[in-house]
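Positions -15 to -1, 1 to 90 (mature numbering (1 follows the signal peptide of the UniProt record, and there is no 0)) are the ones given, in order, by the sequence shown.
What the hints contain is simulated information worked out from the structure, not anything from laboratory work. Certain hints may be false.
SDA-like, lysine to any residue: derived pairs with alpha carbons at most 25 Å apart [as the list claims (entries may be wrong)]:
id, residue 1, residue 2
1, K55, S72
2, K55, L75
3, K86, G51
4, K86, E31
5, K55, L13
6, K86, D20
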Amino acid sequence: MLVAGLMLLAGCSQAAAIAPVSGGREALVRFAGNDVLVAQQVAVLEAPVCAQAGEVVTCSGSTVDGQEIKVAAPAGDPATMTVTVGSRTLYDGPVQAVVDKAGRP
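Work the whole structure out from these sequences, hints included.
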C-alpha cells in the first residue's frame, strides 16, 4: 500500500512539473510575439516580458534604438494579438497563425 501511495504521489508531482513547461495563453502570446519580432528583423534590447490578467496578456520590451515593443492579446477565442514597435504595427491577427507559420520548415 505504501508503494502504491508513493507511486501516486510521484505521478502527481510529475504532472505538476510538466504544467508550467507546457505553458498557456501567456506563453503562447510571448512565443508568437517573439516570432513576429524575429521575422521582422527587429533589433531587440530587452525581450518582451509578459503578464496575464484573466485572459488578457500584455507584454513589453524595447529595441536597441530605444523604441518600446508592445504585444497585446485581449480576451477572446480564438486568441488574437497586436505587436507594435514604437508607433508602427508589425502584426495584428490570430496568435495561432504566427505559431503555425514559425513551425513550418
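Problem set entry | Contradicted hints - numbers only | Of the numbered hints, just 3 does not hold.
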